Amino acid sequence: MLMSRDKKIFYLVGQENINKNPLPPFDKIICEFLNDLSNKIDKFKEILKYPDLKSFSFWCRKANIAKYKKEFEDGKVRMGLGLAFHITPSNVPTNFAYSFVFGLLAGNANIVRVPSTDHPQVEIICKTIKNLLNIKKYSKIKKMNAFIKYEKNDEITKKFSSICDARIIWGGDTSIREIRQFPIPERSIEINFADKYSFCILNSNSLEKIKKKELKNLAEKFFNDAYLLDQNACSSPHLIVWLGKSNEKIKKVFWNEVHETVKRKYELATINVVKKYNNLLKDVIETNNIKDVKRYGNDLYRVSVQKIKSDIEKRRGAFGTFYEYDCGKIDDISKIVSSKFQTLTYYGIEKSKILDFVVNNRLKGIDRIVPVGRALDIDVIWDGFDIEKNLSRIIDVK
Amino acid sequence: MFDINKLITIPPFSLKKKEKQKIMEDALFDLTYHHYKNCSKYQKILDGLNYNPKKRNKASEIPFITTNLFKDFELKSINKNEIIKTITSSGTSNSDLSKIFLDRLTATNQTKVLTKIVSSVLGNKRLPMIIIDTEESIANRNFFSARGAAIKGFSIFGNEIIFALDKNLRIKYDVIKKFCKKHNNEKIFVFGFTFIIFKNFIDKLLKTKKFLPLSKSVLIHGGGWKKLIDESVTNNKFKNLIKKTTGIKRVYNYYGMVEQTGSILLECDKGNLHSSIYSDVIIRNNDFSECKIGQKGLVQLISVIPQSYPGHVILSEDIGELLGEDNCKCGLKGKYFKIHGRVKNAEIRGCSDAYE
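Just so you know, the protein sequences line up as chains A and B, in that order. Residue numbers for the first sequence follow the numbering used here, beginning at 1 and rising by one. Residue numbers for the second sequence follow the numbering used here, beginning at 399 and rising by one.
Just so you know, these hints were derived from the structure itself, not from any lab. Just so it is clear, the structure is predicted and the values come from calculations on it, not from any experiment. Glycine included, C-beta positions come from ideal geometry on N, C-alpha and C. What you were told as hints is all true, and nothing was included just to trick you.
On the chain B side, residues computed to face chain A include the following (Cβ under 10 Å):
1) G695
2) L696
3) R740
Sample of chain B residues lacking proximity to chain A, with all beta carbon distances greater than 12 Å (derived):
4) S412
5) M422
6) G546
Okay, chain A solo, but in the shape it has when bound:
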């Protein structure tokens, strides 16, 4: 690991002087590099210990990048912007790697601030990238990229901000507000992932007829959406909107199956048990229209609300706490959707119906409509915009 001259920045990959000149998006050498990266990480011997590493390697595999390339191409000529400065979250170990790939694919040089907390995944990915970049054919990319680590330090953040062509901040609101004090050059762009609220629609009519095997499958998918990141990812659901007839029996079947999955797969640290319970008590005090609270041990809390208002986005579950609302028809919830709403996961309802709901009600929120189980699938389209297109410029040739 190299240390910078001021000794506060650790260079996990690359070094201080980086080449800020861009490449065309999806340049051949970039795609080759990502393919190699995917293969190398996939061959890492302890890969099974880290499902998130596996997801990452699967995501940047050749076929997926080719698919993105195809979707990207629209006949216009593009180039990367220059230098992208990424500030990535410390509690999702692989997020920094996705952010890097976003920047690279668009043709940019990248300075990626990796989590200051230690995650083995970070080390594995950085080491693999470093080794790959030492191969001669990637020397062009090598000069363009650096992965750095530093304890929160305004001077350093300020310095990198002042020289970047794009700054990418992976939230939340407080971080964005803090970092925004440090100006970026006038022409530079900013991509900020602000705090978001996500929810889930389940159709009880469809659940009534569900087969045991499919139910189990659904429960596991729901579990992945909600629990894998402690219900603390921007796309993890907090609110469950029940469509169709209001029937506790059907709901119970669903929740019991979720509970079984939680018991099997989730372990909560004692301190987080206290936090989860404290959060529940807080919400019980602060919410005025609670119909009922059901607790499945400390594995799963259900809080059903009688009425739903726009302040529902303040009710964020923790470690598996869900607010439930019975809704006759989907249009009834249009009043709660603000620009803060990000992902809507669904089961038992046509996606076109949900899309109509968003468009016809002229909603400012809901950026993603995905089936239950895919809430955490990160994509080049995120928070409502195409990251690749935003991170590149068009050369208008006439």
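Model the placement of chain B on the given structure of chain A, informed by the hints.
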């Protein structure tokens, strides 16, 4: 309504499980219903958790509230004009302050109960008292007020009181020596906070190889071991060092929370913490089921004192272990237990802390 005066004639560590259970259940039923009626936030909690306060239940079935809730909300079961004192405490997990509102009755009961419990080791007479702390801790209202409140609370056992440390927490040798000389053959009550005693008293005496002759004294100390665990000082080591530097042989640790001032849990001669007839301890697993004897878990504390705020049943962030009930070799009745320190912090996953 439950009246604490009914218990005041009973020795605090004298009741067996069955007798105590009856008293506890009556008291907790009254207190729970009282807070339900008089604290709207508490009412929302019980309603939310589907708990019927009009039904008599086992103590272990009454919902507990978390200590953090006293940071997030102002919880009180009295009118504003009845507040005579507000105790604040920073706790450890975040920077917000807990606020505990006392009326005359609850404040008086805190003193009554503390007196009963502490006199079981000090006797009924007031004693010359050395507080191992600085006088500033009670003079300055902005100082750690829970610390100040505890010092004030324990001061009622002293008839002549000195503070052993100056405002920079340095030992006032001359003052202590003069005091020791004056009370040469008497029992002296020494009181202080565990960490301050260690850091600013024992440690200094050891380093300067000094000895303060206090062998007839009784030391009571509390406030938690968190910082001492970092320095790997156990209760036994603490006692040995006290003996080495002052000759004090009778050393009692106490465990308590600012939310339940008064009904402290006091260490016995065998080194175990005991609940009295005013308090109870339940150790809980991660799913909140009750731990068996010898199992470690979260400490739930019960006190029959709080009437002005709903703090009678509380879940702490400490890890404890029940050692037994009614059969401690020291002869005292009640549950006895051990505290293993605070719950370890754990990472929360998620994606909203990019700049930390």
